[in-house]
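Student: Go ahead and model the full structure; you've got the sequences and the hints to work with.
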Amino acid sequence: MGPEVLQKKLEEEVDSYKKLQKDLSKTTSLRSQLDGQLNENKVVKEELDVINEENVVYKLIGPALIRQDLEEARQNVAKRVDYIQQEIKRHEGTMERLEKESESKRDSITKLQQQMQQILVKQMAK
Amino acid sequence: MAASNKTSGPQVIDISKLNLEQLTSLKNQLDQELQFFNESLQQLKIAQLKFNESGDCVETITPESKGKVVLVPLTSCMYVPGSIADAEKLLIDVGTGYYVEQDVTGAKDYFTRKVKFVTEQMEKIQKIASEKSRLREVVMDMMEMKLDQQLAVIQQQQGVAKA
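As they're listed, the protein sequences go chains A and B. So in the numbering used here, spot 106 of the first sequence is number 259, and the numbers just go up one at a time. So in the numbering used here, spot 124 of the second sequence is number 126, and the numbers just go up one at a time.
You may find that some hints are simply not true.
[Unchecked claim] Going by beta-carbon spacing under 8 Å, a handful of chain A positions derived as facing chain B: (1) 167; (2) 191; (3) 193; (4) 196; (5) 200; (6) 204; (7) 209; (8) 212.
[As the list claims (entries may be wrong)] Every beta carbon over 10 Å from chain B, so not counted as near; a handful from chain A, in silico: (9) 163; (10) 166; (11) 174; (12) 175; (13) 177; (14) 221; (15) 228; (16) 231; (17) 233; (18) 246; (19) 264; (20) 268; (21) 270.
Derived by calculation from the structure, the hints in this document are not laboratory data. Being a predicted model, the structure only gives us computed values, none of them experimental. We put the beta carbon where it would ideally sit given N, CA and C, even for glycine.
Tutor: Printed below as a string of structure tokens:
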């Protein structure tokens, strides 16, 4: 393989590596955002579990407070917690996949760089 | 939370076996984590203050408050007079758009509980943060040692070259 071909391949690999890194950081920030939402919902769930039927629950929908059934509110929040947990799992799967991919990319980049170096050394020797 | 898992993981790394580059990246990582913890602590402190303040406000509401005239903020700089129609029921924002109607004791209870929760979280973070900063110090010491070693090797080589 000539140095030009190698150079081109290396550039391609670096580009795709950069893209992977970008995806990874995007997924990571989404994941931590979900973590925050999960915590908030958990806190709300705890609060709804503490109160009893005498307490009236309202939900803010748009600018208006709408009266809600306590049991319904509990179910809603529990459902949301479940959903967020699923989302977190999904994002963690994506993160794992991206990490693996970027690791193998890094390896192939190092290999290509070594090949380039060898070629350069050979050329210098000539 | 994820950061605490890393240190307690099954993989134990002897930092004396790491090279300078690895130590530097480890130190950078620790720096980032420490910064994150400090930011979180600050946010928690703000939350604690808010809950404390709200708790204090609840304290001032008694059954005698009923009918008293208050100024209700319409915007941050415009107020209209109003009177307290019901001094027994308070509406508390518990998060994610849910509001719960509570009596004064319930509200007080809620805020004390919240302050306690936030304080507990702060203590947890403080513990982790001090652990991390200790680890960071160890890494820094190790880096210094490695640097000294490298310097000594270079000086030795220069000495040999001169001789």
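Student: All the hints need checking, so say for each whether the structure fits it.
Tutor: Comparing the hints with the structure gives:
1. 167: violated, 20 Å
2. 191: violated, 11 Å
3. 193: Holds: closest Cβ of chain B sits about 5 Å from residue 193 of chain A, inside 8 Å.
4. 196: Holds: closest Cβ of chain B sits about 6 Å from residue 196 of chain A, inside 8 Å.
5. 200: holds, 4 Å
6. 204: holds, 6 Å
7. 209: holds, 4 Å
8. 212: Since chain B brings a Cβ to about 5 Å from residue 212 of chain A, closer than 8 Å, the hint holds.
9. 163: holds, 22 Å
10. 166: Consistent with the label, residue 166 of chain A stays out of reach of chain B, its closest Cβ about 22 Å off (over 10 Å).
11. 174: With a cut-off of 10 Å, residue 174 of chain A remains clear of chain B, as the shortest Cβ separation is near 15 Å.
12. 175: holds, 18 Å
13. 177: Check passes; 14 Å lies beyond 10 Å.
14. 221: Check fails; 8 Å does not lie beyond 10 Å.
15. 228: holds, 13 Å
16. 231: The claim stands: residue 231 of chain A keeps its Cβ more than 10 Å from every Cβ of chain B (closest is about 12 Å).
17. 233: violated, 8 Å
18. 246: holds, 15 Å
19. 264: holds, 19 Å
20. 268: holds, 23 Å
21. 270: holds, 19 Å
Figure legend: structure checked against the earlier numbered hints; hints not met, in rising order: 1, 2, 14 and 17.
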